[in-house]
Each structure stands twice: as structure tokens, then as C-alpha cells.
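Undergrad: This is what each chain is made of:
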Amino acid sequence: MFAFTKKQSYLLGVMLKCVLKSKDSDPIGQVAREFNISRQTLFDGLSSGIDFWLQCKEITHIAQAKANNENVTRLNGLFEQAHSFLKNKICGLNEKDLDDKFVDELNY
Amino acid sequence: MSNQYLYGELLVKASEKFEESVLVFLEMLKIFFPEGSKFDENWIPMSHFDLFKNIDSSLVTGFEGSAEDQTSCNLLTRVFSLFPFNQQPDMSLNRDNIDMDLSVFMTYAHTLKSQMHFVFETILYKLFRSDRAEADTKTF
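As you go down the protein sequences, you meet chains U and F in turn.
Under the numbering used here, think of the first position of the first sequence as 1, with each following residue one higher.
Under the numbering used here, think of the first position of the second sequence as 1001, with each following residue one higher.
The hints are simulated quantities; they were obtained by calculation from the structure and are not laboratory data.
Every value quoted in this text rests on a predicted model; they were computed, and no experiment measured them.
By construction, the Cβ of each residue, glycine as well, lies at the ideal position given by its N, Cα and C atoms.
Where hints are given, some of them may not hold.
[As the list claims (entries may be wrong)] Calculated cross-link-like contacts (lysine-lysine; reagent style BS3-like; alpha-carbon spacing at most 30 Å):
(1) U:K57 - U:K87
(2) F:K1013 - F:K1126
(3) F:K1038 - U:K89
(4) F:K1030 - U:K66
(5) F:K1013 - U:K57
[Stated by the list, open to error] Simulated coverage check for chain U against chain F, where a stretch passes if three residues somewhere in it have a Cβ under 8 Å from a Cβ of chain F:
(6) 11-18
(7) 35-49
(8) 66-79
Okay, chain U solo, but in the shape it has when bound (with noise of 0.2 Å):
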């Protein structure tokens, strides 16, 4: 409950939509180095998100399992899109690690 105190930041969702939106044969290391961070740290940022965006996922399928109505058959619909999105842009990076993720997604 005390976690909501703590301050935090919207940067990786900023960071994220610079490496998407990056032409650079390495977008991470180019964000990496536009934020003045280590190239691992975004790394390891990423991974983490996109377990976060797993989970997400996740739950929205459940809540559709539940709770069959519109809004929430739109709602999965969108993260499918978006999901299928991420999937194709991460699998450009050629980050093994991150593209094991979407390997893995099953398991959430």
C-alpha cells in the first residue's frame, strides 16, 4: 500500500516509443545513449516491461473469460493488435533475450 508513495516515472513508456519509432541499425543503443543511460539498463528496463505488457495481456483475457461483454471483447481485441505490434518490432531488434519472451508468453 506504501508503494503508491514512492515516486516513479513514465520514462519507459517514452524510452519505448523512442525505440520504436528509431531507424538506427540499434535502436536501443541509441536511445540507451539519447537518455545518457547504459544500453543494459534500457535492456533490462524492456524486458521487464514487456513482462509487465504479458501480464497485462493476460489479464484482459481472463477478464474477457468472466466478464463477456463489448467493451472488454474491444479492449482484448486491441491488446491482440498491439501485442502482435510489439511482437514484430522486438523480433527487428534481434535481442535473442527479448524475443525468448514472446517464446515463453504461454507461460503467464
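Following the hints, complete the assembly by docking chain F onto the known chain U.
TA: Below, chain F alone, put in the same frame as chain U:
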């Protein structure tokens, strides 16, 4: 009738490290969902909308691609934003890193967090006042 609540079941399934972020995500699902549509005057007070449009057009905020890809990009970045990324001491932020879509989205998220914080404090206060501080989840 099942005694299980969907909200509780979803929260129980969440990994420990995502608990707080999942709580906010679930709360958002109850009132609106971060579907990825662009924020318009329905979301932003009219008094701020012109300012928002001007800032939006002067900064790098968008994602070039089809409408579907833009919606997906917004949805993804909003969900990723809910996951805390601790700012590094030497991290540099410049004008181009300001993202109005995520700023508006996180304003809603922070408002929800504040409200949930208040609700939890009130529950705790009532438990202590009624001498039920030892209550477990079954008698809560």
C-alpha cells in the same frame, strides 16, 4: 453464486513485482481503459486543449505509421508507462523527450494512485478504530 470476484482473481494472478502496477491497471479498466485512442477535447479540459494541441505539434510525440499502428503504439507505451522505471542519476532529458500523450495518461494514473492511497488509508483507519486490525482476508 461464486464467492470469487474477478478483480481479486486477477490481482492474485499477478506477479509480486507487478502488484502495484497491476492494481492501477485494474482500476483503469473499471473506469476507462488505456485503449490507445488519441486524447482529444473529451479528455482534456477545453481551457488546456489549445495549449495541448500547440505543444503536441511542436514536439516529437507521434508515431508514424498506419492508424492501427499508432493506436497500438499508444496502448503499448501507456501500459509500459505504468511499470516503474527508476530514473538514473545521470539520465538526461531534453525537450524532445516530453511526450504529451503519456503526460496526460500518467496524470490520470497518478490521480488514481492518490485516490487508492486515500481509500487504503481510510480502510486501515477504520480497522484500527473498530479494533479489527488483526482481520484476515476472510473476515475483512
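Undergrad: Compare the structure with each hint and give your call.
TA: Evaluation of the provided hints:
1. Between K57 of chain U and K87 of chain U the alpha-carbon distance is near 13 Å, which keeps this suggested pair within the 30 Å criterion.
2. As the CA atoms of K1013 of chain F and K1126 of chain F are separated by approximately 28 Å, the hinted pair is consistent with the 30 Å bound.
3. Pair hint K1038 of chain F plus K89 of chain U holds up; C-alpha atoms about 21 Å apart against a cutoff of 30 Å.
4. Distance check on the hinted pair: K1030 of chain F and K66 of chain U sit about 14 Å apart at the alpha-carbon level, within 30 Å; holds.
5. Between K1013 of chain F and K57 of chain U the alpha-carbon distance is near 12 Å, which keeps this suggested pair within the 30 Å criterion.
6. Taking a C-beta to C-beta cut-off of 8 Å, the stretch 11-18 of chain U contributes 8 residues in contact with chain F, enough for the three needed, and the coverage statement holds.
7. Counting residues of the stretch 35-49 of chain U whose C-beta sits closer than 8 Å to any C-beta of chain F gives 7, which meets the bar of three, so the coverage hint holds.
8. Counting residues of the stretch 66-79 of chain U whose beta carbon lies closer than 8 Å to any beta carbon of chain F gives 7, which reaches the threshold of three, so the coverage claim holds.
In this structure, none of the earlier numbered hints is contradicted; all agree with it.
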